[in-house]
Amino acid sequence: MSNTTKFLFRTRGTHRLHIADILMYLYLGLGTLLMFGPVLWGAVSSFKTAAELERFPPSFLPSADEKVEVEGYDSPLSLYTVTLDDGTVAELAQVRRIGIEAQFIDPVNPGELIKVHVNQTEPVRSFALQWQNYIQPLQRFQFFTFFKNSVIVTVSATLITLFINSLAAFALSKYDFRGRHIMFILILGTLMIPTTVTLVPNFLVVTTLGWSNKLIGVILPTVATPTGVFLLRQYMLTIPDDLLDAARIDGASEWRIYWQIILPLASPAIAVLAIFSVMWRWNDFLWPLVVLTQTDKFTLQMGLNMFQGQFDIQWQYLLAMSVLALLPITIIFIFLQRYITTGIASSGVKM
Amino acid sequence: MSETITQKPKKIPQLLLLPITGLLHLLMNISDLFMDFIQRRVGIQGMAYIFVLPNMVFFAMFSLLPLLINFYYAFTGGVKPLPQDRFPVGTGNFDILLECGNYLDPNSCRADLFWRGLQNTIWYVIFEVGAILIFSVLTAVILNQNIKGRGFFRSVFFYPTLLSSVVIALLWKWILQREGILNASLTPFGFEPINFLLDANWSRFWVIFIGVWAKVGFYTLIVLAGLQAIPNTLYEAAKIDGAGRGASFRHITLPLLKPSLIVVLVLTFIRAVQVFDHVFVMTGGGPGTATQYIVQYIYNIGFATSLQNFGLAAAASILLGLILVILTIIQMRVTGSGEE
Amino acid sequence: MKIKNDVKKLMLTVSLVGLLLFLAACGSAEPEVITVVETVEVEKEVPVEVEVEVTRQVETEVEVEVTRQVEVAAEQVDIRFMGELPIDASVVMEDLLDRFESENPDINVILDNVPLSTIMESLPLQLQTGDGPDIAKVTDIGGLSEYYLDMRPYLTDPGYWEENMQTTINATNPDGLDEINGIYSDVTVTGPFINRTLFEQAGVAVPSDTSDEVTWEEWAEAARQVRDATGVDYAMAMDRSGHRFAGPAVSQGAQFFNEEGYPTIDDEGFRRMAQLMIDWHADGTMPLDVWAGGDSYQDARAEFVNSNLVLYMTGNWQIGPFTDQIGDAFDWEAVPNPCGPAACSGMPGGSVIVGIAATQYPEQVTRLMEFLAAEENYGEWAARANYIPQHEGLIESGIAYETDLPQALNAYTVFGNQTSKLAPLTYELQGYKYNSLLFNSIRDRLTQAIVGELSLDEAIERIQADVDEGLAATGE
Numbered sequence: 542m543s544n545t546t547k548f549l550f551r552t553r554g555t556h557r558l559h560i561a562d563i564l565m566y567l568y569l570g571l572g573t574l575l576m577f578g579p580v581l582w583g584a585v586s587s588f589k590t591a592a593e594l595e596r597f598p599p600s601f602l603p604s605a606d607e608k609v610e611v612e613g614y615d616s617p618l619s620l621y622t623v624t625l626d627d628g629t630v631a632e633l634a635q636v637r638r639i640g641i642e643a644q645f646i647d648p649v650n651p652g653e654l655i656k657v658h659v660n661q662t663e664p665v666r667s668f669a670l671q672w673q674n675y676i677q678p679l680q681r682f683q684f685f686t687f688f689k690n691s692v693i694v695t696v697s698a699t700l701i702t703l704f705i706n707s708l709a710a711f712a713l714s715k716y717d718f719r720g721r722h723i724m725f726i727l728i729l730g731t732l733m734i735p736t737t738v739t740l741v742p743n744f745l746v747v748t749t750l751g752w753s754n755k756l757i758g759v760i761l762p763t764v765a766t767p768t769g770v771f772l773l774r775q776y777m778l779t780i781p782d783d784l785l786d787a788a789r790i791d792g793a794s795e796w797r798i799y800w801q802i803i804l805p806l807a808s809p810a811i812a813v814l815a816i817f818s819v820m821w822r823w824n825d826f827l828w829p830l831v832v833l834t835q836t837d838k839f840t841l842q843m844g845l846n847m848f849q850g851q852f853d854i855q856w857q858y859l860l861a862m863s864v865l866a867l868l869p870i871t872i873i874f875i876f877l878q879r880y881i882t883t884g885i886a887s888s889g890v891k892m
Numbered sequence: 010m011s012e013t014i015t016q017k018p019k020k021i022p023q024l025l026l027l028p029i030t031g032l033l034h035l036l037m038n039i040s041d042l043f044m045d046f047i048q049r050r051v052g053i054q055g056m057a058y059i060f061v062l063p064n065m066v067f068f069a070m071f072s073l074l075p076l077l078i079n080f081y082y083a084f085t086g087g088v089k090p091l092p093q094d095r096f097p098v099g100t101g102n103f104d105i106l107l108e109c110g111n112y113l114d115p116n117s118c119r120a121d122l123f124w125r126g127l128q129n130t131i132w133y134v135i136f137e138v139g140a141i142l143i144f145s146v147l148t149a150v151i152l153n154q155n156i157k158g159r160g161f162f163r164s165v166f167f168y169p170t171l172l173s174s175v176v177i178a179l180l181w182k183w184i185l186q187r188e189g190i191l192n193a194s195l196t197p198f199g200f201e202p203i204n205f206l207l208d209a210n211w212s213r214f215w216v217i218f219i220g221v222w223a224k225v226g227f228y229t230l231i232v233l234a235g236l237q238a239i240p241n242t243l244y245e246a247a248k249i250d251g252a253g254r255g256a257s258f259r260h261i262t263l264p265l266l267k268p269s270l271i272v273v274l275v276l277t278f279i280r281a282v283q284v285f286d287h288v289f290v291m292t293g294g295g296p297g298t299a300t301q302y303i304v305q306y307i308y309n310i311g312f313a314t315s316l317q318n319f320g321l322a323a324a325a326s327i328l329l330g331l332i333l334v335i336l337t338i339i340q341m342r343v344t345g346s347g348e349e
Numbered sequence: 145m146k147i148k149n150d151v152k153k154l155m156l157t158v159s160l161v162g163l164l165l166f167l168a169a170c171g172s173a174e175p176e177v178i179t180v181v182e183t184v185e186v187e188k189e190v191p192v193e194v195e196v197e198v199t200r201q202v203e204t205e206v207e208v209e210v211t212r213q214v215e216v217a218a219e220q221v222d223i224r225f226m227g228e229l230p231i232d233a234s235v236v237m238e239d240l241l242d243r244f245e246s247e248n249p250d251i252n253v254i255l256d257n258v259p260l261s262t263i264m265e266s267l268p269l270q271l272q273t274g275d276g277p278d279i280a281k282v283t284d285i286g287g288l289s290e291y292y293l294d295m296r297p298y299l300t301d302p303g304y305w306e307e308n309m310q311t312t313i314n315a316t317n318p319d320g321l322d323e324i325n326g327i328y329s330d331v332t333v334t335g336p337f338i339n340r341t342l343f344e345q346a347g348v349a350v351p352s353d354t355s356d357e358v359t360w361e362e363w364a365e366a367a368r369q370v371r372d373a374t375g376v377d378y379a380m381a382m383d384r385s386g387h388r389f390a391g392p393a394v395s396q397g398a399q400f401f402n403e404e405g406y407p408t409i410d411d412e413g414f415r416r417m418a419q420l421m422i423d424w425h426a427d428g429t430m431p432l433d434v435w436a437g438g439d440s441y442q443d444a445r446a447e448f449v450n451s452n453l454v455l456y457m458t459g460n461w462q463i464g465p466f467t468d469q470i471g472d473a474f475d476w477e478a479v480p481n482p483c484g485p486a487a488c489s490g491m492p493g494g495s496v497i498v499g500i501a502a503t504q505y506p507e508q509v510t511r512l513m514e515f516l517a518a519e520e521n522y523g524e525w526a527a528r529a530n531y532i533p534q535h536e537g538l539i540e541s542g543i544a545y546e547t548d549l550p551q552a553l554n555a556y557t558v559f560g561n562q563t564s565k566l567a568p569l570t571y572e573l574q575g576y577k578y579n580s581l582l583f584n585s586i587r588d589r590l591t592q593a594i595v596g597e598l599s600l601d602e603a604i605e606r607i608q609a610d611v612d613e614g615l616a617a618t619g620e
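Protein chains in written order, with the numbering used here: chain A, 542 to 892; chain B, 10 to 349; chain C, 145 to 620.
It is worth saying that the hints were derived from the structure and are not from the lab. Just to be clear, a hint being listed does not mean it is correct.
Said to hold, decoys possible - Which stretches of chain B does chain C cover? Using the computed rule of at least three CB atoms under 8 Å from a CB of chain C, they are:
no.: 1; region: 77–91
no.: 2; region: 199–210
no.: 3; region: 314–320
To be verified - As a list, the in silico EDC-like pairs of lysine to aspartate or glutamate whose alpha-carbon atoms are at most 20 Å apart:
no.: 4; chain 1: A; residue 1: Lys755; chain 2: C; residue 2: Asp222
no.: 5; chain 1: A; residue 1: Lys715; chain 2: A; residue 2: Asp783
no.: 6; chain 1: A; residue 1: Lys755; chain 2: C; residue 2: Asp275
Values in this document were obtained by computation on a predicted structure and should not be read as measured data. From the three backbone atoms N, C-alpha and C, an ideal C-beta is built for every residue, glycine too.
One chain only, chain A, in its complex shape (with noise of 0.2 Å):
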């Protein structure tokens, strides 16, 4: 056996190959194929033309029509080959499509206009990548700004998110105060309401505050997150007492506590909980949409959700500002997937 199918078809423990090993590889690829398929086939397909994407079935790779000069036409026209009505193929350049029939015109000799049906042409196609898609929408748009925008919500939101957290998690599992059991039940129970659902009571409260168009007023009101204080209390519950009483006995403040013991201690949990926080602010949608009605504030999932309101879907635009939307988040994930995965595995148990 060489080497490479020794690999493929090694198993646990035992050299024989057994069915569930081979149904294991299959379920595998399988999960791999569905998971990551469609983010691939939206990636590549950002490349193509409109007309491309219309077209169906869809090739794999991106292509574009090939195009001639022609004699007495100012842009390029697009070849194709057409099957005549006496049975002869030739490759033409099409002068214009009415309804289901085309004209054509010979691009060697330049003559009269040839009428043929639809059915009877394919375009000439090469491989091509179609760049405009994401040039044009850089242009026209103020993809800067709302990718601005989203940082900065991003970065502070998660910051302040991360802070206020950890410090109510720590209050919450290492004292022992009045009231704390309340508190920690009504934290757990807002997890039960759906923010949807309290969208204008909060939209008025943002008002009210004067924060309605600005980029605070979809920081803050983000920020005390039920699920954070519930993960870090978990882990911290798992940190010994002794060692906070160890630290009391050398004098430490409670301060001090916190952020020399505490906060190491738990860092595992506290890089989980700063992913989910960027991977939620980067993503929120529904809230910054009834925040923000100033396109200088606009973020970046409301700028993806523009091209689809305000002319017809535009595909190719579309997918070609989805992959720049989700490209920052891949690429943190990309470098930093060992901690998350790891990361919400060892807090997980702890759960």
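For this one, chain A is given, so just place chains B and C on it according to the hints.
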């Protein structure tokens, strides 16, 4: 291949970090002075209140207060959002929602869309929670085996969790359309192209499918953590006793996995009842009201309409909250995890 | 341990980046924020009646600011203009605003081109809480009328507005007041377009060539023949909108109001049109994609532009997009509204550009509105954005639309003739303050009937119940 993916981030030179750590130390020392002063005033136990304060202030302002306003809305009428412009209607809003000839037939109810939404949501919850439980355990068990590329597969299954619901919905909408890739790959096998999102049952299926697709990776990790906490010696002992794969899964894995499964169950349940985002962008609740769920009903009557009926929306959300709390408590009781 | 160290480092870097970004954000935002806050505070302290005083005070206050900050831009006031503008119209509006700003250096106009859902959903909420833009382009003309700014006290020549734009004044005052609030961005009429090229290729006669009064049923039959002969996907389509449905319904004899003027739905005419819609979707004359394919407004422009649709019931606002996107690729044509027993009517409609009463700068807003309403500017807006204005003087002298495309010019004429043929009831319906309640419910319930969730009887009952409940909630 897992090695290429699990590459470590490049180390940041210590020198570059120096100003930051210095700044942090300075910040901490200053805050130390300040916090020491406070601690001398309030004592050690008092510091707990200081620590929960910032979180509780934001929590009170942006979670509790809106909830209270929502309660106020539920018992008042009118189309104005400002509390002083509204008039009391008693339980009128709840009466509208609960007025039904037959609770199983939405058409006999005064607020038919509320009951349709509720019905749709129940089916959604049953299928999604079930599917996530099955597939997260299945995937986690497989990923817990000693296979090559484990890290890679773990990442692949987790990746959709990171995507925003808007991107997810648009991507799948595009894949599922009549001229989409899915129909294109089915037609060669003799299938007629289907308008997946214009058929009630198909769109219900896809909405659940995509819900599972987007979340299963996260729950897989939780289950995986539970699996890894099971000591290997147990399996070895079972093997000596002659137990097969299936038996040891049933008698060792499942019972010891219970705590993790309860976490998965409770979280998926709460999230599934609140389903809204990806469905809203993908089908808008359609065709008709086939995929209109309870949160979208609340969103539609309370927000996305010309005459926003805040009272009715608030009453519906309170009913929703009540249902969730009751069902969660039942879940906790049944699964016997009442401790914390 | 190693992981922990790495995480620590990562967190440090993240906080540094965050800190820098935060600083950068503060740095760039600071000057604007400060000036705005200053003016707001001053205005709050001074009683509103002394308008001249206020502006003077603001200016001096701002000038102090300037000397302190050496910030030239601080002289300006920012005026926010919120609207949903298609790309070509927004280009025209930006040109006009640029010109206005160069003539009025003390005013900076910011155009917020937002999705339609923001106008329909967020704007009303903002207005109710006393927030919102200074100027807005709104579609729910009657429903939001209480929030419009009465510009009369600030106008230099109210006579000009009364003389040329009395229809606008009536439309923005459904409660019978006589305020001057703004101008029509575009007056619209609903009506169908056909793809004549497809008719020719199919060898089917266009019904409107031989008769002035073609019924909906005749159109449907002809469109189906064309679809079958040419192999395109769809025969007819109608925008997913209760407003679009209302014109044909009135033609079939729907009354919409009882003697007391209260909205009632259930009558023979409404039933007939609703039944036609249900049948057309059931037999495939109309594509389900439009009415069953989403939550709110949907159009079928893409199908028509791609020559995949024979007849498309929409409105004159499509002339601009069709000119751009179809041009002369095929023969598209506006045809008169089809007939029913009662009328051959479409619906009037449109959106208005109005000042918002909550603005802090009513004088500046009025100056901008006067500029936009001035005959030459309004004419340019209409001509370049392909809109029909509501302005007697302009209508009389005629709009010089930029296009010389025969299809477009022809469509303008057809829709121009339509205006006089609209049933009086359609104007009453359009002027009704709560018509959006009616239209939205018709849209949603009719969709349910189309996909088979409700019978027609149930749907009609539900629409009436929705309307009753909505009106009860308003307390009227």
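Results for each hint:
Under the rule that three or more residues need a Cβ within less than 8 Å of chain C, the assignment of the region 77–91 of chain B holds, with 6 such residues. Restraint check on the region 199–210 of chain B versus chain C: 4 residues with Cβ-Cβ distances below 8 Å, three needed, restraint holds. Residues of the region 314–320 of chain B with a Cβ under 8 Å from some Cβ of chain C number 6, which satisfies the need for three, so the listed coverage holds. Between Lys755(A) and Asp222(C) the alpha-carbon distance is near 15 Å, which keeps this suggested pair within the 20 Å criterion.
At most 20 Å may separate the alpha-carbon atoms for a hinted pair to count; Lys715(A) and Asp783(A) meet this at roughly 11 Å. Distance restraint check for Lys755(A) and Asp275(C): the Cα-Cα separation of roughly 13 Å lies within the 20 Å cut-off, and the hinted pair is therefore satisfied.
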